[in-house]
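Asks: The chain contents come next:
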Amino acid sequence: MNRIIEKKDLSENVVQMVLDAPEIALKRRAGQFVILKTDEKGERIPLTIVDSDSAAGTITIIFQVVGKSTAAMAKMKAGQSFTDLQGPLGNPTEIENYGRVVCIGGGVGVGVVYPLAAALKKAGNHVTSIIGARTKSLLILEEEMKQVSDKLVVATDDGSYGFHGFVSAVLQQMIDAGEKIDRVFAIGPVPMMRVLCNVTRPHGIKTIVSLNAIMVDATGMCGACRVSVDGKTKFTCVDGPEFDGHAVDFDLLASRLRMYLDQEKQSMEAYRCQCHGK
Amino acid sequence: MENNDIKPKKEKVPRHKMPEQDPKVRIHNFNEVPTGYTDEMAIAEAKRCIQCKKPGCVAGCPVDVDIPGFIALIAEGKFIEAALKLKETNGLPAVCGRVCPQEDQCEKFCILGKKGEPVAVGRLERFAADTERNSGKVTIPPRAKANGKRVAVVGAGPSGLTIAGDLVKLGYDVTIFEALHKAGGVLVYGIPEFRLPKAIVEAEVDYLTKLGVKIETNAVIGRLKTVDELFAEGFDAVYLAVGAGAPVFMNIPGENLSGIYSANEYLTRSNLMKAYRFPEYDTPIVRGKKVAVIGGGNVAMDSVRTALRLGAETATIVYRRTEVEMPARIEEVHHAKEEGVQFQLLTNPVEYLGNKEGWVTGLRCQRMELGEPDQSGRRRPVPVVGSEFVIPADTVVVSVGTMANPIVPATTPGLETNKWGYIVAKDGTGQTSRKGVYAGGDIVTGSATVILAMGAGRQAAKAIHEFLSQA
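Chain order of the listed sequences is A and B. Counting from 930, one number per residue, gives the positions in the first sequence under my numbering. Counting from 2, one number per residue, gives the positions in the second sequence under my numbering.
Extracted from the complex, chain A is given alone in its bound form (with noise of 0.2 angstroms):
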């Protein structure tokens, strides 16, 4: 168990794992997570759950290296394993034909939001999908989001690969075309799921997103995942991961999510050393 399948890189931080966890992969819906442990001394990583195949007993994974802890993952080959493997959790996402909906992704984000794309699909909605990169060469999953979409739209922040500016014009640009649009579902770093909400809030277009706070033990027991939804104190863990992004403090979850930032900078480093050293 816990064993890496595959190992692939999707672009040049990005990197997808296909993992052998039979009891997750026959559990898993979309929109839960999982939490892994690289070691010992590793922390305890949320990750959103991609794709699963509850024949093969496997799940996948995607993430980006921004740390320490993504760093050794990223350095780890198939055939390794986990020392920890905990899921499913989280709430799935509510699936239902909703009628014309619009599904976002920016950044590793599309890893996220793909699962969400997927069901919808099955579910009957018609799926407009929208994903972006700062440059080509950071875009993921384009192939397998067509595949779950009726139509994809492709943006990147530079121009260097189709609509050139953030999804976030798109979608203004489908809102201002009159299209008709039944729900929105936006998954990405903050800035751009706040603004995507600012997009769709006077229009009345209820906006699903998935927040990344950042937690412990993800199971309701320690509240370092607590967000600001509709004035009220919830937990991403167990009350999310997705909230109605209209209602989401996002100040508060920027600001929360910057918490460790020294801590993070003193680890790397301490990594780097080592390393180095090596």
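Hint data in this document are derived by calculation from the structure and do not stem from the laboratory. It should be emphasised that the depicted structure is a prediction, and the values quoted were computed from it without experimental measurement. Careful: at least some of the hints might be erroneous.
Derived coverage of chain A by chain B (criterion: at least 3 residues anywhere in the stretch with Cβ under 8 angstroms from a Cβ of chain B; other residues may be distant) [said to hold, decoys possible]: (1) 968-975; (2) 1006-1015.
Far from chain B, some chain A residues (derived; all Cβ distances over 10 angstroms) [said to hold, decoys possible]: (3) 942; (4) 997; (5) 1081; (6) 1103; (7) 1189.
Cβ atoms here follow ideal geometry from the backbone N, Cα and C, with glycine treated the same way.
Model the placement of chain B on the given structure of chain A, informed by the hints.
Replies: Just chain B now, kept in the frame of chain A:
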């Protein structure tokens, strides 16, 4: 046995203190504070026991440990035998010797306590268990023949570990499902190393696996599989001991500012994830300079003493009643004071203040005074008008209690809970509203003690054995 006529002389021997690390030294490390009795001290303390014919101490023990029996063995220098005697009724003596509130249980009823100080039952229990563990002579007791029946235990805390040990000895095939990556529950995530070394918990868990208990970590029942699915998998009974793991916040303005923790988070980071050894361990924790801990229980004392060891310049307990009403053990308050913890009593926070970056800078508090007694029998604190003041703080730990985690009840149809979300279980058996489903520990009683959770596990073991013997 000793002659009766020498009893009065023995009573004059004062209770033996346990050597401790100097407060000035220990606030810079996470090593255990008391270092334990030597053989000589233990024998001398054990000889204080007058071996009452009707021992009050036993009646005061939730798991009926034969206290005079094990103490007599220590007095005779038979330390391993004393440990075995303890283990006949208590699966976790090294833990209980450290964290039980003996002053409210066995020692409260000790006859010597009437005129002087009671026999140090807890210290002797700890001594015997430690001596056995350190001797490398831990023996595995005989098990009844396997009876082919399977019991699932949900939660590897004190209650779950106790019932698992009892049932496996009776011949059951027992599997514990633990949500976290390590077994032990509150013993590993909650109680700090300086009060309960994790090596002791590991040894106890290891002992259980040697007895034949299977432990599946990372298994969140309610998510990975439900209670009904456990029955479908072939388990004949289920014991729910998931604890009261959800933190309570006060819902006052600013409570989500960066730098404000629940005690559960603060202690889990430090104890379970070993954040006090960051960056050797990956999980970070804020090393605050001015730390305020809200609450007056044992968990608050654990938090404030952890803060000191993480380098706090000031570590302050903010509690709305007086020291008399504090639920923490006297020993914990005493240790905290020795270490330099400050106490803001009759004080309650009403708002947290923060800076532009969203980081906490202080607590706006009001002074309280004690009014009429409330439902708990303690005098209700009422605010003093116009008494608001600010306590500066860059880190706050909210330690005002915990509540039931809803994951298991929410996914178990027909499982009755009370208005607070705790599972309704029969006194003395732990039987719930669902056939074959038993529950005990904090998920039934709300936050209580390690020993009460263990007692519930012991009772449910008997009840499950009876239930499955009929089936």
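Asks: Could you run down the list of hints and mark each one as holding or not?
Replies: The hints, checked one at a time:
Coverage of the segment 968-975 of chain A by chain B holds in this model, with 4 residues showing a Cβ closer than 8 angstroms to a Cβ of that chain against a need of three. Check result for the segment 1006-1015 of chain A against chain B: holds, 4 residues qualifying (beta carbon to beta carbon below 8 angstroms, three or more required). At roughly 19 angstroms, the least C-beta separation between residue 942 (chain A) and chain B is larger than 10 angstroms, which holds for a residue marked as non-interface. Look at residue 997 (chain A): its CB is around 6 angstroms from the nearest CB on chain B, not clear of 10 angstroms, so calling it non-interface is violated.
The non-interface label for residue 1081 (chain A) is consistent with chain B: the shortest C-beta to C-beta separation is roughly 32 angstroms, beyond 10 angstroms. Non-interface status of residue 1103 (chain A) relative to chain B is upheld: no Cβ of that chain comes within 10 angstroms, the nearest being about 34 angstroms off. Once the 10 angstroms rule is applied to beta carbons, residue 1189 (chain A) is inconsistent with being away from chain B; the minimum gap is 5 angstroms.
Hints 4 and 7 from the list above are not met by this structure, while the remaining hints are.
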